[in-house]
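Q: Given next are the chains, with one letter for each unit.
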Amino acid sequence: MGLVYHGDLILAFRRWEQIAQPVVFFAMITTLVPLALSPELAQLRQIAGGVLWIAGLLAALLGLEFLYRADYADGTLEQMLLSGQPLALLSLAKTAAHWTSSGLPLVLVSPLLAISLGVPTDAMGVLMISLALGTGILSALGAIGAALTLGLRRGSVLLSLLVLPLAMPALIFGARGVDMAIHGDSARGPLLLLGAMLVLSLTLSPLAVAASLRISQE
Amino acid sequence: MSWTWFHKLASPPHFYRIAGRLTPWFGWPAFLLIVIGLYGGLVLAPPDYQQGEGFRILYVHAPSAWMSMFIYSTLAISAGIGLIWRIKLAHAVAAAAAPVGAWFAFLALATGSIWGKPMWGTWWVWDARLTSELILLFLYLGCIALRASIDERDRADRACAVLALVGVVNLPIIHYSVYWWNTLHQGSTITKIGKPSITFDMLWPLLTMIVGFTLYFGAILMTRLRAEVIRRERDATWLREELAR
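If you read the protein sequences in the order shown, they are chains Z and S.
Counting from 1, one number per residue, gives the positions in the first sequence under this note's numbering.
Counting from 1001, one number per residue, gives the positions in the second sequence under this note's numbering.
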């Protein structure tokens, strides 16, 4: 399990563009908002939580497609199935590696983008925690989608169609939590709910991923 | 308890005949109940003291919303049966039910929106019930889209079954978060049409319509399943003999 995690990370960090692309995309969407709405910080602050969350979710979706694609193409996946190791745990390791290489960078750059939207520094902690939990949830749910759409034509569009409705609860509480923090309230409640969702999705999604991977290899 | 009847039911030739025989038993009562329910709802029931005659769209709206949820649970249960016992017919049920469910979800949204225009003054509000119904429609569309993009039937069946089960686990979470989101966000300008204590005159046509819609779903499901069985078993000899009769 550790090996899978480690190996995936090495592969990811050897291909910088794969890590950089979602981050740039995240920054790009955030830039679009002031251009489209208004450059006034007071106004941007009102919607910053939602904007950062939507941009973050979309950026995290970008990389999901590649989660199992290379393994599927070169036969690694078959080896994983035949290895006798519990497939659910292997997929959990892959999900964790995916989060480290796609979700974590987004979390790290989010304060920079948040400043540009006029988010006060007090809210940065909540923003980062909520995005960390949220991208984790998305990685776990997205892994199911990635496994289900393996090897399909136009799989990436389908993937977003499958995963986004499932991610809506996370968006609701994440964006709400950031919003509360921006207004100086305690964001404890939404963050706890996000944490609960993350635990639930990390517990159940590996089982669904394992089942879907088996189906894809028949 | 012997399970032979269950496995016998799951064999396509046997089921094909049973479904054919059952269709009118669902269809006619459904037709009768819907006609009675419509008459009761549109003519006999008294107009609402607040909403006047406009509330009568309830008699299509509420049963559709109920059906959209009922069909999703049918979908999920048959998907589970198909995955666990590897019964192909169960997957056929899921395949046949999904588009019907999507239409009912759409119908619930459309009638809700038409109802909303005169009552709330707008076609759409981000009300909790509307939003979760919309998400339900997205889940249906995801199921349909996934099935459509996988060519091998067996893989499509099982992939969709996994998706349906994932969806059913998520459905309560989505439902409650949408409710909380709604109460958190706005001291809603439109107070929900809570549960007014509905009089019996208004209630019985509604219940009749709900039972009628459910039976209608049974009839349409049987018909669609027969078509699905024909599609899946098109090379089988029994089907050729059956159709030649």
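If you are wondering where the hints come from, they were derived from the structure by calculation, not from laboratory data.
Where a beta carbon is used, it is the ideal one built from N, C-alpha and C, also for glycine.
The reader is advised that the hints may include incorrect statements.
As the list claims (entries may be wrong) - Label pairs and their in silico Cβ distance ranges:
{"id": "1", "chain 1": "Z", "residue 1": "Leu58", "chain 2": "S", "residue 2": "Ser1149", "range": "20 to 28 Å"}
{"id": "2", "chain 1": "Z", "residue 1": "Ile115", "chain 2": "S", "residue 2": "Pro1047", "range": "53 to 61 Å"}
{"id": "3", "chain 1": "Z", "residue 1": "Ser186", "chain 2": "S", "residue 2": "Pro1029", "range": "51 to 59 Å"}
{"id": "4", "chain 1": "Z", "residue 1": "Leu104", "chain 2": "S", "residue 2": "His1014", "range": "51 to 59 Å"}
As the list claims (entries may be wrong) - Listing some non-contacts, in silico: residues in chain S with all C-beta distances to chain Z over 12 Å:
{"id": "5", "residue": "Gly1142"}
{"id": "6", "residue": "Val1169"}
{"id": "7", "residue": "Ile1220"}
{"id": "8", "residue": "Arg1234"}
{"id": "9", "residue": "Arg1240"}
Claimed, not checked - Among the chain Z residues that face chain S by a calculated CB cut under 10 Å, a handful are:
{"id": "10", "residue": "Arg69"}
{"id": "11", "residue": "Ala73"}
{"id": "12", "residue": "Gly75"}
{"id": "13", "residue": "Leu141"}
{"id": "14", "residue": "Ile172"}
Q: Are the hints correct? Go through all of them and say.
A: Each hint, compared with the structure:
1. Z/Leu58 <-> S/Ser1149: 20 to 28 Å: 21 Å, holds
2. Z/Ile115 <-> S/Pro1047: 53 to 61 Å: 58 Å, holds
3. Z/Ser186 <-> S/Pro1029: 51 to 59 Å: About 56 Å separates the Cβ atoms of Z/Ser186 and S/Pro1029, which means 51 to 59 Å holds.
4. Z/Leu104 <-> S/His1014: 51 to 59 Å: 55 Å, holds
5. Gly1142: S/Gly1142 is in fact no farther than 12 Å from some Cβ atom of chain Z, at 5 Å.
6. Val1169: 6 Å, violated
7. Ile1220: Since the minimum Cβ distance to chain Z is about 25 Å, S/Ile1220 lies beyond 12 Å and the statement holds.
8. Arg1234: Correct as stated: the minimum Cβ-Cβ distance to chain Z is 22 Å, above 12 Å.
9. Arg1240: 29 Å, holds
10. Arg69: At about 16 Å, which exceeds the 10 Å cut-off, the nearest Cβ of chain S leaves the hint on Z/Arg69 violated.
11. Ala73: 17 Å, violated
12. Gly75: Constraint on Z/Gly75 not satisfied, violated at 18 Å.
13. Leu141: 8 Å, holds
14. Ile172: 4 Å, holds
Checked against the numbered hints listed earlier, the structure breaks hints 5, 6, 10, 11 and 12; every other hint is satisfied.
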